[in-house]
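Enquirer: Single-letter residue listing:
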Amino acid sequence: MTHNAPQTSIIGRSRQEMARRLAQDIANGSYVNLGIGIPELVARFVPEGRTLIYHTENGLLGMGPSPNPGHGDPELINAGKRHVTANPGAAFFHHADSFAMIRGGHIDLCVLGAMQVSKDGDLANWSTGAPDAIPAVGGAMDLVAGVKSVFVITQHCTKGGEPKLVESCTYPLTGRGVIDRIYTDLAVIDITADGFQLVELSPGVDFEYVQERTGADLLPIANT
Amino acid sequence: MIDKQVSSAAEAVRDVFDGAVVMVGGFGEAGSPIELIHALIDQGAKDLTVVSNNTGSGEVGLAALLKAERVSKIICSFPRTANSTVFPDLYRSGKTELELVPQGTLAERIRAGGAGIPGFYTPAAVGTPLADGKECREFDGQEYLLERGLKADFALIKGQIADTHGNIIYNKTARNFGPPMAMAAKVAIVQANQVVSPGQIDPEIVVTPGIFVQRVIEIADPAFESELVAAGVSYP
Numbered sequence: 001m002t003h004n005a006p007q008t009s010i011i012g013r014s015r016q017e018m019a020r021r022l023a024q025d026i027a028n029g030s031y032v033n034l035g036i037g038i039p040e041l042v043a044r045f046v047p048e049g050r051t052l053i054y055h056t057e058n059g060l061l062g063m064g065p066s067p068n069p070g071h072g073d074p075e076l077i078n079a080g081k082r083h084v085t086a087n088p089g090a091a092f093f094h095h096a097d098s099f100a101m102i103r104g105g106h107i108d109l110c111v112l113g114a115m116q117v118s119k120d121g122d123l124a125n126w127s128t129g130a131p132d133a134i135p136a137v138g139g140a141m142d143l144v145a146g147v148k149s150v151f152v153i154t155q156h157c158t159k160g161g162e163p164k165l166v167e168s169c170t171y172p173l174t175g176r177g178v179i180d181r182i183y184t185d186l187a188v189i190d191i192t193a194d195g196f197q198l199v200e201l202s203p204g205v206d207f208e209y210v211q212e213r214t215g216a217d218l219l220p221i222a223n224t
Numbered sequence: 001m002i003d004k005q006v007s008s009a010a011e012a013v014r015d016v017f018d019g020a021v022v023m024v025g026g027f028g029e030a031g032s033p034i035e036l037i038h039a040l041i042d043q044g045a046k047d048l049t050v051v052s053n054n055t056g057s058g059e060v061g062l063a064a065l066l067k068a069e070r071v072s073k074i075i076c077s078f079p080r081t082a083n084s085t086v087f088p089d090l091y092r093s094g095k096t097e098l099e100l101v102p103q104g105t106l107a108e109r110i111r112a113g114g115a116g117i118p119g120f121y122t123p124a125a126v127g128t129p130l131a132d133g134k135e136c137r138e139f140d141g142q143e144y145l146l147e148r149g150l151k152a153d154f155a156l157i158k159g160q161i162a163d164t165h166g167n168i169i170y171n172k173t174a175r176n177f178g179p180p181m182a183m184a185a186k187v188a189i190v191q192a193n194q195v196v197s198p199g200q201i202d203p204e205i206v207v208t209p210g211i212f213v214q215r216v217i218e219i220a221d222p223a224f225e226s227e228l229v230a231a232g233v234s235y236p
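Chains as they are written, first to last, in my numbering: chain R, 1 to 224; chain C, 1 to 236.
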């Protein structure tokens, strides 16, 4: 299925606006793991008065922002291997403890990017399955299997205009039935037993526009 | 008197044998025991199975060990780096076999190996290609995969301060795989910026108790991968 969505669409939310929208839904005091890329932006938009504690799976709880240029410590990094800081009250720990936090359900929320999400909440975000690609998975499979809530933040379609929200994933899975909610440039969508449930349209976007760009049926917001 | 301190990196890795399983600590460059890895390249052991989260960057440290074709198999979670073609070339040519393991499963397999647990069930990777060939079992309505504990003949680890009994404390996120790898290896070798006498590390803050460590070596000013790569170093 090919869609002709314009590549430089200004319809819907920008990356920053998507991150800002997602940040509204994170409760004060949550322990949160943010993936690399758009998910990292979420930390910039946490509403005033809320404090989140950031976990990075390489062994730090209480991760702070990037240090000033030239002040990075090569032994104080995040899962993306970038220099970070440790906030007051932070803790360091080894990998087995870090993934006990993840797998043991102690982390409240994880925000990840996606290549595809299916209507059943399956996620594909680690491999295109191309035969010459070097497979690399990192901690994504552990995160989606263990964290209490898993949100995806992603463009609604690929750069080529293909829907990322699909009936079933064609790329290799990261996890099966693991996604709770999706934030895209066009909408906020929940995964329910009945499939993709529209929660909210981005400003200036209508239902038909989103449905056209979604690879499975989208359930409209119920009239209450 | 117990004294686990050795005087050189060469002495620390002297008995690594061909075909050994070697765990190598580090997440990216944080905690990568560069000096021990370089000593292992000089020592010459080959046909190694390496257990490590990554495959190194540039042509130093772990990437240099791979480039020297000493590693026949790597058990790894993220063997892709932006600045190294060493592993991709070896993988595509079939010279180095890859066992890809989710990062948390890798950590727990190492911890289990060191804790005398031969296998455990985890929810990670259920329903994915990495579940292929693994036993799947249901507990309380949820599916889990059987994963095996991992043991090693040697572990190369970077700490911050060691005492001569082998008690170790680490530096920030350089701790990463050090503690579980020390538990899982018959011979755990730790390079530390400083080696001190027993009693100089407060027992309350010891991270790896000395029972898990067989050798310590002081490397006062260890190199970092990124600095070596930026300086254009290719080891040896």
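No lab work stands behind these hints, which were simulated from the structure alone.
The C-beta atom is built at its ideal place from N, Cα and C for all residues, glycine as well.
It is possible that some hints are incorrect.
Covered stretches of chain R (chain C as the covering partner; in silico rule of three or more C-beta atoms under 8 Å from a C-beta of chain C) [what the hints assert, rightly or not]:
1) 51-59
2) 83-95
Under the rule of at most 20 Å between Cα atoms (straight-line distance), these lysine to aspartate or glutamate pairs were calculated in the EDC-like manner [as the list claims (entries may be wrong)]:
3) C/Lys95 with R/Asp132
4) R/Lys148 with C/Asp15
5) C/Lys186 with C/Asp15
6) C/Lys73 with R/Glu162
7) C/Lys172 with R/Asp132
8) R/Lys148 with R/Glu212
9) R/Lys148 with C/Asp3
10) R/Lys148 with R/Asp217
11) R/Lys159 with R/Glu212
12) C/Lys172 with R/Asp73
The following residues of chain C were derived to be distant from chain R, with all beta-carbon distances above 12 Å [as the list claims (entries may be wrong)]:
13) Asp47
14) Arg109
15) Gln200
Enquirer: With 12 Å as the threshold, tell me whether C/Gln200 passes as away from chain R on beta-carbon distances.
Expert: For C/Gln200, whose nearest Cβ neighbour in chain R is about 21 Å away, the distance exceeds 12 Å, so it holds.
Enquirer: For R/Lys159 and R/Glu212, compute the direct alpha-carbon distance and say whether it is at most 20 Å.
Expert: holds, 16 Å
Enquirer: Decide if the proposed pair is consistent with the structure: R/Lys148 and C/Asp15, CA atoms, cutoff 20 Å inclusive.
Expert: Judged against 20 Å, a Cα distance of about 46 Å means the pair is violated.
Enquirer: Hey, does C/Arg109 actually stay past 12 Å from chain R on C-beta?
Expert: C/Arg109 not clear of chain R: closest Cβ-Cβ about 9 Å, inside 12 Å.
Enquirer: Given the hinted pair C/Lys172 and R/Asp73, is their alpha-carbon gap at most 20 Å?
Expert: holds, 9 Å
Enquirer: Are R/Lys148 and C/Asp3 close enough, with their CA atoms no more than 20 Å apart?
Expert: violated, 46 Å
Enquirer: Would you say the region 83-95 of chain R counts as covered by chain C, given the rule of at least 3 residues with C-beta under 8 Å?
Expert: holds (count 5)
Enquirer: Taken at face value, is the distance from the CA of C/Asp15 to the CA of C/Lys186 at most 20 Å?
Expert: holds, 12 Å
Enquirer: For a C-alpha distance cap of 20 Å, please report whether R/Lys148 and R/Glu212 respect it.
Expert: violated, 31 Å
Enquirer: Hint check: R/Lys148 vs R/Asp217, CA-CA at most 20 Å. Holds or violated?
Expert: violated, 26 Å
Enquirer: Hinted pair, alpha-carbon criterion (20 Å max): C/Lys172, R/Asp132. Please report holds or violated.
Expert: violated, 36 Å
Enquirer: Are at least 3 residues of the region 51-59 of chain R within less than 8 Å of chain C when you compare beta carbons?
Expert: holds (count 4)
In this structure, the earlier hints numbered 4, 6, 7, 8, 9, 10 and 14 are contradicted, and the remaining ones agree with it.
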